[in-house]
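A.B. asks: Spelled out, the chains give:
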Amino acid sequence: MQKRNLELRDINENEYIAHQESNLDQALGMGLSKDEFELICNKINKIPNQTELGIFSAMFSEHCSYKSSKKWLKTLPTKAKHVIQGPGENAGVIDIGNDQAAVFKIESHNHPSFIEPYQGSATGVGGILRDVFTMGARPIALLNALRFGSINHPLTKHLVSGVVKGIGGYGNCIGIPTVGGETNFNKSYDGNILVNAMAVGLAQKDKIFYSAATGAGNPVIYVGAKTGRDGIHGATMSSAEFTESSSEKRPTVQVGDPFTGKLLLEACLELMQTDVVLSIQDMGAAGLTSSSVEMASKGGLGMHLNLDLVPIREEGMTSYEIMLSESQERMLMILKPGSEEAAKLIFNKWDLDFANIGEVTNTGRLVLDKNGFEACNIPINPLVEDAPEYDRPYEILQNKKIIKSDDFQSNQTLNDILIKMFKSPNIASKKWIWEQYDSSVMGDTILCNGKSDAAIVKIHGTETKKSLGKGIAMTTDCTPRYVKSDPIIGGMQAVCEAARNIAASGAKPLAITNNLNFGNPEKINVMGEIVGSIKGISQAASTFNTPIVSGNVSLYNETNGQGILPTPVIGMVGIIDEVESCLGISAGNNNTLIILGQKQNFTEGWLGCSLYQEIIIDDFDGAPPPIDLRTEKQIIETIMTLNNNKLLTGAHDISDGGLLTATCEMLFENRLGLNVNLPKTLLSSNSKDHLLHSWCFGEDQNRIIISTNESEKVVSLLKENLIDYYILGTTNTSSNLNLNELDTISIKEIYNINKSTIPSLMDTYKS
Amino acid sequence: MRTAVAIFPGSNCDRDMAVAIKKITGKSPLKLWHKDTEAPNLDLIVIPGGFSFGDYLRCGALAARSPIIKNIKNHVSRGGALLGVCNGFQILIEANILPGSLVRNKKLLFTCRETTLEVQDSIQSPFLSSFNTGDCLNIPVAHNEGNYIANNELLKELENNGRIAFKYKKSSEIETDYNPNGSLNDIAGILSENGRVLGMMPHPERSISSLHGGTDGLKFLTKSIEQIVG
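Read top to bottom, the protein sequences are chains A and B. Sequential numbering of the first sequence, starting at 2, is according to the numbering used here. Sequential numbering of the second sequence, starting at 172, is according to the numbering used here.
These are calculated hints, taken from the structure and not from any lab test.
Stretch-level coverage of chain A by chain B, calculated; a stretch enters the list once three of its residues show a Cβ under 8 Å from a Cβ in chain B:
#1 174-187
#2 257-270
#3 429-439
Below 25 Å or equal to it, Euclidean Cα-Cα: the simulated SDA-like pairs (lysine to any residue) are:
#4 K198/B x E464/A
#5 K299/A x V84/A
#6 K206/B x Q274/A
#7 K166/A x K188/A
#8 K166/A x K278/B
#9 K208/A x A343/A
#10 K241/B x N349/A
#11 K193/B x L270/A
#12 K202/B x G462/A
#13 K278/B x I759/A
#14 K194/B x S582/A
#15 K345/A x T208/B
#16 K466/A x I195/B
#17 K350/A x N242/B
#18 K278/B x L762/A
#19 K689/A x N753/A
#20 K431/A x G353/B
#21 K350/A x L228/B
#22 K341/B x S761/A
#23 K466/A x S381/B
#24 K278/B x E289/B
#25 K345/A x K206/B
#26 K401/A x D620/A
#27 K278/B x S162/A
#28 K536/A x G89/A
#29 K432/A x K338/B
#30 K432/A x H154/A
#31 K431/A x N309/B
#32 K278/B x H154/A
#33 K198/B x R139/A
#34 K75/A x I209/A
#35 K75/A x R393/A
#36 K341/B x N331/B
By construction, the Cβ of each residue, glycine as well, lies at the ideal position given by its N, Cα and C atoms.
So here's chain B without its partners, still in its complex pose (with noise of 0.2 Å):
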């Protein structure tokens, strides 16, 4: 298996993921730094969580820019695996790598909670491949611009085309905030046509401990690596 953390100037969660890959894969992955034009063949890049650029100008619009892409397009269009994890996910679109786009949360605030995640019937994917439709993850979340639009015509593309992976889920009828950004039809995470890159708003690798965050994180990152590893 072999994989790498792609790192911009502001990137902050570079090391979590790094350190839940090493618990799943017992290697670290590799570092890719921004400016790289080289890089070798991988199995699954992931773009990790952060301000990358100081979330100037847009969300990831000055790292979608970035000498690394084009090795990241390069990765995609060989058929490599490629999770974007919040700032990760805004890169990903910014980067037209991804379609639709993240505004401002609905209620204007950062927001850093547990959301719970319903998986959705999806295309074939390595990151789902290994759960049901319906199958809940506690996963949280922690951002500002979480709240994913698209219009009518690319909405239902997603839909009926199952490339949404993931909605936030109600745990109960009363329940009213239970999306925590606002997101259309409470998208938290899409794929990409063939299924091979997933973006995503809540924070996987901060739910790696039965003591802190749950472990859904953890069982989601380690089904995606044994069905990507094939």
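Isolated chain A, as found in the complex (with noise of 0.2 Å):
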């Protein structure tokens, strides 16, 4: 080390520039508040140089700090028996049993999709990738919950084709099946979509890694690709709002490389096969700022490293560039001193870097060399310590309006409607989009992509003498428009649904993973969705014993001061113990098919909010539906009863789109038909009837229709558990469904509008 001033012709310009002081501009320019500037100086008892700055606004970034949300995320329910490690690692933790555990997230990758469509969803999917196995478990499934603007706004098919071929791309490329998820459609997200990627992996129990650096002395050692200049300061981009300007941004996107992100999964996975990792970090959001700032914090130690030591992609870069670049396929490990040789061997064979750039100290600082000169000298507790934690206003507006089916006027039968219902790319079928995904590598996928209302991935190697294996289920969930008209009930809402689609599969819900994408939390009224939402989905979670063990806040997806609807997404992780009792939605025919949660006087349904009114008055208003926990907990723990007895053959809940919409779905693969038995009172309407409408669309919660050949039992079972329900009808092969003599509707031609829709809306747009 040097001991003289450094002087310019020590260095190059640029390098020269990163050591020189800042000022308060460019803490402005770099998203920080002048208060926060002023901390900064206070904390670190000097006015910090471009370097240091760089890393202080990167961690006090929305991204990375959570500073507007910390305050209500501490609310949320996070622990439960079955929890090894909740939110504040890499990925949450879940045991499963037989020594084994689900390791999940959810992640957003937002503003960067926006801007550059490909890269952005692909990098999506590594980097959540990347949380899971660092933590020492296999990926095994991949779910992304995309919310576009809408269909016809000049840029969304745009958008579509180039997430959907990221996600392809970087799943399919690295060998992890992409099985679920759920694609929407809204003007709110016109210049804001939403791409939120979600991995879940195994591991053993006694063999999860963790973050928290260990042991002054010990090797920081750089894995995986190079460090370029792509992605600088992504994390302050990704929390600021959009201009028209935004587009200029697309350098600070990342660039993602699938086949270095496989290499680097075979050559984590095979050194965790040993016991040299101490602790390990991805280089996710940040870089190498976040992750050494965050194993140093965690383990109550300092970092020395040495930039020049960093396997660089491009010559010149300088400390400030290193720092806060987001190339990906990165990882920082902690390895048992003397184990260096042995772990370089593996990557080696990947054909990987390893880089031993520097050590663990003591101290409690990050020190950075370059040039042999410090370029960074700095405490770590400020960094993430005093990072902001903001008690913004809140205001939860709740929609009490109560909207009526004699509100509506049009005069339109059914049969138009479920046209226009299944010609919506909201309800139709994905299977556009998911025929672009991988979904069967790893040979373990056992439904998925809308055959069932979760996904189920078959649990490798538990197959026994008596049954083919454990599975687990997975979903995504949230209904925006609730969560805007009443953000408490649109919490509520999302976690019900997560819940009783993993119950609809057959399986036991088990915890979630949550994906908060809002607007600008300065707003009083965002905040306020903020607020509620968490409140909701903490009430339900509770209710479900389901915690929330991880997750990604996504604010400021506002564009020229338009915010998205708020979209809360739930993650949902459930198990089942053996795969071959999973339920599907199709029914076959001679089914009956029962609604649970009905009851038999049921007759006006809840049209607020609904996708019915958005098809009326292209709009929604009022309230949403009520949520009723205590219900909806009833409901999934009977359907799992009447599936452990067997006496199912399929389950779809009932959501967007109402009764009508779930049952025509369930009667697609099989094009079968029904009679529907309508409610005495609904027999004198006709098909023009509004309220009959309410009946068929409307979007009331805590309901399950499911399918069975076994009625009688399955009814007795119902009545000794006081369990509301409602016979349907039972399935044949004439393929109309019929509502009395009011309507009747092929099941064949709504399913080709339904198969048509997408491929007809996008083979129209050539990239």
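Both chains come to you apart, so use the hints to assemble them.
C.D. replies: Next comes the structure, spelled out in structure tokens:
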């Protein structure tokens, strides 16, 4: 280490600039506030140089510090007997029996995917996979929750095409099946799409790897791809609103390399079979900065790194660029001293860089050397502990207006409405999307992509003489219309629908990862959406004993001041003990369809915030359907009991589009027919009657349609347990959905519409 | 029965293929690494699917220049059986072990779905001799570059000499997109001149359980292995 002062002739000009004192203007330019800049100067007792300021700005960004949401995230239920690791690590970990653990997390890549849809979504997948295998788990499944703008918006098809290709491009290549998720369209996402990727992995319960650094003097190892100039300050970009000039931010989007991702996955898992890895952290948002700072902070230690030893892709990279690059497919590890050579052999075998770039210290400081001079020397604590935490003002707006069926004026038959329903890309089959994802690689996918309410992947190697093995069930859910109208109910509903979907696939709900996507938290009502939905999620998650074990927050999803619909996506994981008892949505012939959770005297359905309303008035309004958590829990337990008694042939929850839409979806695969058993009071109505429409399309919650060929046994069990139910009818081979004399709907016709809606929209787009 | 699976950086169906083979033979296949220059005598080598070397340059092009390819060619000249699935088929073509080319799917989209394969009237081959011409197998595909093309001369050679193993079959008269990639003459798999090398786009190793994907892939692999052992 040189002791004399740095002079320009010592190093290149850009590096020299990185060593110079920063100022307030630069701090503002990096997204920090004046108060935050002053706080930094106070805490480190000096004016930070450019590199140090860059490090602070990344760590203080909303993306890394959760400064607007932290106060409320702390109120989420995170504990249960089966939770091994809750929020705060790379991913959450739960016990799934047999000494195995499920490791999972969801994460957004919204801002980059809008700017550069292919790379943005691809690196979203790559990033979430690294979060999972960093913990020592082999990823076994991917899901994604996507929200796009109106299908007629000029950018939407370009974004759909690019995002789907990007997700497939990464997942297919790395060889992890993409098995589920959801795709919705709404004009509020015209300027801010949402790309949330979820990964689920499997690990041995006693072989989980954590990120806290240990042992002063231990080597800090950099592995994976080289560091380039891509994605510099991505975390800061992702923490700001969009304006017209946002496409200029394309250089802040990272570039994914799934091939290197695959090599890194195999090399890390191979190294983890030994006992030399003390801690490990992936380089995600804010790259080497957040990984080194978080590892040191969690261990209560410091880190001294020599940036000249970091493998770089381009000549002349400055300390600032190296620390803030978000180049993908990189990891930071602390190894047992003396094990470096053996570890290096593994990474050499996989043709990956392996560099010993420094050591753990007990100084509590982050010290960085470059070109023989000190480029950064700051205390770690203020970067994490003193990161601002805001108690932003909020107001939870709850729309209490009850929308009655009488309020509607339209002259459409049930058949007209159903055709419109399945012509909407929100309801129509997403096969065009799913077929671009490899859903069967790894050979364990049992149910995926629309065949069931939740995807089911077998746990490899759990076959016994008695059973084909255990399985993991997974789903992502959120109904943003409901959250907008009432954040508390909307938050609850997202959890309920997820739990219902897991149960309808034959599994038991276990735990949650959430992705909270909102607009600008500095707006009082947006903050209200955040707080309200967290309250709702908390209540529902506590009821089902499905704690939140990991998650991600994405704020500032606004363009020119227009925010997205609040979208707190729930990713839920469940377990099924024997995969052969899983349930798909398709009914067989001569099956009885029974609605669990629907009272015999139910005649007026809930149309507020429904897709029906959206079809009629091209908007939504009123209170969302109410949620009864106790009933929901009962329904979920009931379907599990029915399935354990092997009484079911299929199940499908009633959600977007209501009862008739769900019924059609159950009849599609075998093009079956059904004579719908209408309540007596509706028999005298006609096909244009809005009360009848509300019964058919209302989105009342807590309902699942089951199909069975043991209807007597099912009914007696339901009666015994005092569960509300309604017998909808028995399937036949006519392919007609008959509502007494009121209307006859051709399932074949609706099936063809369902199948062709998205292909015909997308085939007109040529990328 | 001595079997092996050849693994390249970026292979991702190697485990699935090993599981399928073990299910049939009771023994895990040997793993050959792309840098291996020595290999024991084997009855069957399988090159599994995946994205060897990230599909960079051209699918299979870099893998076809790996050290292991010399071994594989020796194995073929000894009369050993060789199966290339998906990326494995692409590698066999790039290594000039099988003729023709595999280009981007006609719709320019990756496609993962079920397909129905019809067994063709082929030359003597251990992979097909347990099946009758016209037999159908339901086996999934998952690829971006499975569109088989050949010049007229080669196509004639393949068609006239029984070197087409499988074609994608229409399951109904009205079906229009039964061929997932637009391949010439609906070709899904082809054989070498001696019938002991098969390259195919569909993944038999993904169809080995009644719960998912069906068991036609297992049937195909089981019969192939029985015949190879003789």
